[in-house]
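**Student:** Sequence:
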Amino acid sequence: MDRSCSCFRRRRRQFSSPSSETRTTSSLTLSSSVRILLFILCASHVFSGSNPINLAMAFDLNTITFNQGYAPLFSDFNIYRFEDDKSVRLLLNRQSGSGIISMDYYNFGFFSAKIKLPRKYTAGIVVAFYTSNVDMFPTTHDELDMEFLGNVRGKPWRFQTNVYGNGSMVRGREERYRLWFDPSKEFHRYSILWARNKIMREEVVGGHQREKGGGWRFYVDEIPIREILRDENMGGDYPSKPMSSYATIWDASSWATNGGRHKVDYQFEPFTCEFRDLVLQGCPVDPTDATSTNCLDAIDELESSEFATITPRQRQAKKWFREKYMYYSYCYDRLRYPSPLPECPLISSEQELFKNTGRLKNRQRFHRKHRSRGTRRPRNMTAVY
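The numbering of the sequence shown is full-length UniProt numbering, which starts it at 1 and goes up by one.
Simulated from the structure, these hints should not be mistaken for laboratory data. From a predicted model like this one, the values you see are computed outputs, not experimental measurements. The beta carbon of each residue, even a glycine, is placed where N, CA and C say it ideally should be. Among the clues, some could well be false.
What the hints assert, rightly or not - Listed below are the simulated DSSO-like cross-link pairs for lysine-lysine, each with C-alpha atoms no more than 30 Å apart in a straight line:
#, residue 1, residue 2
1, Lys-86, Lys-114
2, Lys-114, Lys-185
3, Lys-263, Lys-114
4, Lys-319, Lys-114
5, Lys-114, Lys-241
6, Lys-185, Lys-263
7, Lys-120, Lys-155
8, Lys-116, Lys-319
9, Lys-120, Lys-361
Stated by the list, open to error - Taking CB as the label site, the calculated pair distances span:
#, residue 1, residue 2, range
10, Asn-356, Ser-304, 37 to 45 Å
11, Glu-303, Thr-63, 41 to 49 Å
12, Pro-345, Thr-63, 29 to 37 Å
Input sequences plus hints: build the corresponding full structure.
**Tutor:** Quick look at the structure:
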């Protein structure tokens, strides 16, 4: 809460002579209606700048059961399907992680699930929701990633988005973020929109729509946290081949938490994550012959969906999220890419937050809110990123 707002400041008790106290009390007395008005105005100031979640309305989505769209990928013994077939739980233990894969490949589409992550000590763990075709094109694969990175007890989950096209893994396009909620306590929706060659739309003033080129978006709930439009200078780096949808949990002790310093601790096993309200919307194709299927109807359905359009309110929520919760972006990493990659939208309000390493200038702004009152970080302690 913003304690700089005057209506939340504690008023000091004053001692004075009876006559002056009477005058002081009289001058400080406000009618109840005025007090209420001041409180409302102050509360509006505090919350309007810090939590615009209500700016983005929930999508109206057609969900599927697990059996309608997915199958086990590996370690079936660590996959628990609920009786209604609408939810699936993936486990990581000493034996293995686990994963699921869509039964079809898609030429483009909208891939979404409500996810709840493991709780407590989760260092070294990665929970991933992504699209890929690495099984069909191992050396030239495409990929759109949402990877959730575990942490030590008391530290928040972080996550990253990434994009690969045509096996371009030497040119990673990572962005890393934190969240405004605890993703281990409740379900939230995470989504990937991939428009291969067609149109994504943006609603502008007056209710009109502006057409934009093909590209991809990542959503948390209904907030578009990242959007990249296709740029012809990307060449083969743009994901262009049919992909499947994946969900996995696995041991990434070598890199996931603080560069591999903190490993998975199996005394806390099993680690469980849950996926429900699954969405697969797009054009199913034969990955070896993507032109064999007529996708016109699927294109029309995708383009007319709510998630294909960004409203001004969603644009505002996106700006809020990226300026408040993004802590690394390859677009601002001048040491890694002296010249920004062609699809990078350099936004001044974001750029001023980052050093030439692509990391935040003020790293402590994330740690203050999680630190207990009355405690200080030891000087030799390294922040966990």
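**Student:** Which of the numbered hints above does this structure break?
**Tutor:** 11
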